[in-house]
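Residue numbers (our numbering), protein chains in the order written: chain A, 1 to 706; chain B, 707 to 854; chain C, 855 to 1117.
FYI, nobody ran anything at the bench for these hints, they're computed from the structure. One or more hints might be untrue.
Said to hold, decoys possible - Distance windows between CB atoms, simulated:
# : chain 1 : residue 1 : chain 2 : residue 2 : range
1 : B       : Arg714    : A       : Lys441    : 53 to 61 Å
2 : A       : Ile32     : C       : Lys1007   : 42 to 50 Å
3 : A       : Arg527    : B       : Ser717    : 44 to 52 Å
For clarity, every value in this text was computed on a predicted model and none was experimentally measured. For each residue, glycine too, the CB sits at the ideal point set by N, CA and C.
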Amino acid sequence: MCTAPLTAVGRSVPRREGADKVTGRARYTDDIAVPGAWYGRTIRSTIARGAIRSLTLDPAFDWSRVVVVSADDIPGENVVQLIRDDQPVLAPNGGEIRHKEEPILLLAAPDRATLEDAASHIHIEYELATPVSDIGSATEVFSTVDIAKGDVASAQREADLVVEREFRVGLQEQLYIEPQGAIAFPEADGTIRVIGSLQCPYYVHRALKRALKLSDQQAVVVQAETGGGFGGKEEYPSIVAVHAALLARKAGRPVRLIYDRHEDLAATTKRHPGVIRHRTGVKEDGTLVFQDIEIVLDGGAYCTLTPVVLSRAAIHAAGAYSCPNVRIRARAVATNTPPNGAFRGFGAPQSLFAAELMVEHVAERLGVSSVDLRRKWMLRLGDTTATGQVLSESVGSELVLDAALKNAPAVRPSDRPTVRRGRGLSLVFHGSGFTGSGEKKLQGTIAFEALADGTFRILTASTEIGQGTKTIFCQLAADALGVGMDKVDLAPQDTSLVPDSGPTVASRTAMIVGRLVQDAATEVKERLKREKAPLRVEKSYIQPDSIHWDETTYRGDAYPVYAWACTIADVDVDMTTGEVRVSDLITAVDCGKALHPVMAEGQIEGGCLQAVGWATIEEIKMQDGGYQNDRLATYLIPTALDAPRIRTILVENPYSRGPFGAKGIGELPMDGPAPAIIAAIHDATGVWLDEIPATPEKVLAACASR
Amino acid sequence: MRFTLNGRTVSLDVVGTRRLLDALREDLHLTGTKEGCGEGECGACSVLIDGEVVDSCLIAVGQVEGREVTTVEGLADGGRLTALQQAFIEHGAAQCGICTPGMLLAAHVLVQQSRQLTADDVREGLAGNLCRCTGYTKIIDAVLSCTK
Amino acid sequence: MHEVTFLCPKDLQDAVRLYRTTPGCRPLAGGTDLMVMLHARTLRPQPRAVLDIWSLAELKGVRRHSGMLEIGAAESYTGIIRSREAHRHVPALVAAARTIGAAQIQNRGTLGGNLANASPAGDTLPILLAYDAVVVTDRRSIPIDQFFTGYRKTALQPDELITAVRFPQGRDVVFRKVGTRAAQAISKVMMAVSRKPARIAIGSVAEVPLRARGAEAALERGDVDGAIAAVADDIRPIDDVRSTADYRRTVTQNVLRELLSVG
Chain A
1 MCTAPLTAVG RSVPRREGAD KVTGRARYTD DIAVPGAWYG RTIRSTIARG AIRSLTLDPA
61 FDWSRVVVVS ADDIPGENVV QLIRDDQPVL APNGGEIRHK EEPILLLAAP DRATLEDAAS
121 HIHIEYELAT PVSDIGSATE VFSTVDIAKG DVASAQREAD LVVEREFRVG LQEQLYIEPQ
181 GAIAFPEADG TIRVIGSLQC PYYVHRALKR ALKLSDQQAV VVQAETGGGF GGKEEYPSIV
241 AVHAALLARK AGRPVRLIYD RHEDLAATTK RHPGVIRHRT GVKEDGTLVF QDIEIVLDGG
301 AYCTLTPVVL SRAAIHAAGA YSCPNVRIRA RAVATNTPPN GAFRGFGAPQ SLFAAELMVE
361 HVAERLGVSS VDLRRKWMLR LGDTTATGQV LSESVGSELV LDAALKNAPA VRPSDRPTVR
421 RGRGLSLVFH GSGFTGSGEK KLQGTIAFEA LADGTFRILT ASTEIGQGTK TIFCQLAADA
481 LGVGMDKVDL APQDTSLVPD SGPTVASRTA MIVGRLVQDA ATEVKERLKR EKAPLRVEKS
541 YIQPDSIHWD ETTYRGDAYP VYAWACTIAD VDVDMTTGEV RVSDLITAVD CGKALHPVMA
601 EGQIEGGCLQ AVGWATIEEI KMQDGGYQND RLATYLIPTA LDAPRIRTIL VENPYSRGPF
661 GAKGIGELPM DGPAPAIIAA IHDATGVWLD EIPATPEKVL AACASR
Chain B
707 MRFTLNGRTV SLDVVGTRRL LDALREDLHL TGTKEGCGEG ECGACSVLID GEVVDSCLIA
767 VGQVEGREVT TVEGLADGGR LTALQQAFIE HGAAQCGICT PGMLLAAHVL VQQSRQLTAD
827 DVREGLAGNL CRCTGYTKII DAVLSCTK
Chain C
855 MHEVTFLCPK DLQDAVRLYR TTPGCRPLAG GTDLMVMLHA RTLRPQPRAV LDIWSLAELK
915 GVRRHSGMLE IGAAESYTGI IRSREAHRHV PALVAAARTI GAAQIQNRGT LGGNLANASP
975 AGDTLPILLA YDAVVVTDRR SIPIDQFFTG YRKTALQPDE LITAVRFPQG RDVVFRKVGT
1035 RAAQAISKVM MAVSRKPARI AIGSVAEVPL RARGAEAALE RGDVDGAIAA VADDIRPIDD
1095 VRSTADYRRT VTQNVLRELL SVG
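So that you can see chain A by itself, here it is in the shape it has in the complex (with noise of 0.2 Å):
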């Protein structure tokens, strides 16, 4: 399609906000500057469960001098639009409270020491009932999901081997360096505008719509500059964004509602913590023989997006392998806590750290290398996964193995006595794109314009969080326009402006939007053959005739292609204190074509040590249903010092409905490296542990007690 050189692609350009970063220009939320705005502030439960018996507004404080905005001022429905209209976008008076931190008042003033001396008038009692606090005590379900292959229950009797083992995964904190923040205007015609930090600017139009009662011209939203996201500001930021406009509305006036670091941590979304029981039958000579496994994660008090990472969860939990035999049986279930939501991997590196322990376990209990059992097992060309769906092209597997194990070289002792040094390796698949028909549903539509002065113009919805589309869309536009990079530009990130391509998450932006990017170029550069510019074409996403899923059976083509990557991690396990060191890590990774390798590269980078520090430091403890580790000094990311020497190799292996080849691979460095570590850690020390994060003092008890 493509025949002229490629001059944009594949080169790793600077990126387009680059200059802007690097000299505090680029403007992130809160340094917008809004004369006249006043400051907005959110009153919280301090219960986990209960109802709200009074709300006290106490005449000692003047309350003319703020605004406070109570369920009864919402014009439209008491939702936060999601997937289940079950979470209110504030607890009414008399209402339920199902967790900590639950929104049930609005306050906005002039100034902050207004803000604060009000908010100290506010009284708030409740009657308690006793919370759910965790996945053991639950009743409550939210979604399940079955997946069913060949036959377990017969496959049993041919198994010579049957190994048994369960794992937990523990609450993960997002940590984007720059916290939830959304500015809200009022304008004269009804209209509500709202600025914010956020990954996908259709999600909050939409929950702006249903609990403000607006059309779709009149809710407004922009993407400001965004410090990050990693699923975070998938869902949250429409929370945010109504409680602002709520206030901007009531108060007649521009409200910014900017969370401090403890109120982020202590009331937005987590990653959802599991227990992933596994059975697995092997032959004697390690033929897999069938899977049997069993998924609860913990959804916390509202749906959220649940179900859909219960979803991931599910299509990811058999692994890389290909077994004639699976049964998945996976369910989300409601507790007493914050609720847990989208977070990169989105389920996936919750069951597939159990699917790969697994492999470790069976290769043990056989006495052979689980690198060579690997091999065996691995999904290749025309196999089929658990869903049924035959694997017909770019399938990496035995790619990324060869070069992650090509380039790690020999594991060298620790020349300290006490410090005892350890390999491990994993080997993982991530679904690009949204599941099943979800692409379809969507119908991801961008436009692309060619200007009257010989420029060109891409109008989409997703946004740059850090990951680099505004690069990689205008590279995409160059090279099939064959024009250079400076003709090209991309429209801001305002829903009154530009099209819903969907949101920034799942795998999706280069792969399936950049794809349209691509499409439409292509088109522009063929009319402007026979029209003159100015001129827009639209381009939404066509499912392939060749893609089939059925929702209701879990069977078919769960994603349009997969990515993959095989990772080594070299730890060193302090034997006085159990600290587990990760001092290096390989990481080869299936991308399809790197439409920017630096960036490619230095996504995959974070994306590891994200999953280092799920591994091993990023510990959340409970009490009474909040979160202990609520402040940077208690809950702790890895810093430099911390990092490992992290190593990527690109592997390059098309895909034929990729723009220019490539594939999703946003979320996949987040499933290879805490299986790998735990591997790791065994090599090191003899014991397995079967739950992270592998904390110093789950290391030194389990050391302790072999």
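Since chain A is already given, all that's left is putting chains B and C on it; use the hints.
Just chains B and C, lined up with the frame of chain A:
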């Protein structure tokens, strides 16, 4: 009170206990300096005082009386980026960019040193600046490319 | 809501006078703890004024003083790390200073601040205990083992200002900090050990940084195993957000074993 900010003398009439971070962002409208945690853990608010890197959320503005403060806005000379800023762009050291201003200032101190730096020196020098996007690899590469 | 007054003394004498005469006044040095608490308004009672002692020349510097090494109360950790005298006479303090926070904190944190804050997790405090340091104030000298009187409580009078810390020379101290990560970590266990005289000082294992007297007595007798056994009874660790009492107890013994095997 008066101090030198990015080479220019500024005077401010605010209470001395106000955080330097707030004075820079709200009184002097230099928003390149970011607030990530407000307790000296993340380094997003890093600035230089007399050439030393500090967290501006932990400094009372009264404490910079008569001193020289440098923020990210003061790094580039006019429109010309420093070698370090250029290296951050080329090496992909800035992704979402929110840690970048603070990171640049911590790195600036490192590259000013006359001694040969190792990757471990750079890691130690940047350990007070959290980044969630890069895994630090590209940042370390960028800084090492500018060291002597 | 009142604003906190900022007092800027011109010299130490002025600072001492202001501190004695201003009600509700807190000294401010590097601000690494105090500024967080001021901003979050978590100090009880809320101070009415802060006294900026960061720039006072009398509180800076590392020097020898009557056979001891003296470090100014407001000298930064970076200043200590860069001092040749400190390297020669208190190398363990220099090494410990490098594990505190990261560059930003080392550029502002001070011994005076660490002492006055008196956190059980204060990273220099076990080092000071192992060196038998002396806390010098505007009116007297306080031996370090009499300085910590309770959780975040010290022997200081309400208007008493720390001016310097003095260290005896010629003592070998080794230490180990156990935190959750390699930098920017508040310790779970921090231990400093001197063989002669026997000093075993530990942070984050009780309501104060303490000396493990039972273990010291055993070590004084040359009974290393006895010291490792005794240290478990000398400490009073708790479960908290950072770790568990069990872990702290085990690691205290493990670290002592490690330090005594190299020392």
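Hints broken by the structure, by number, lowest first? 3
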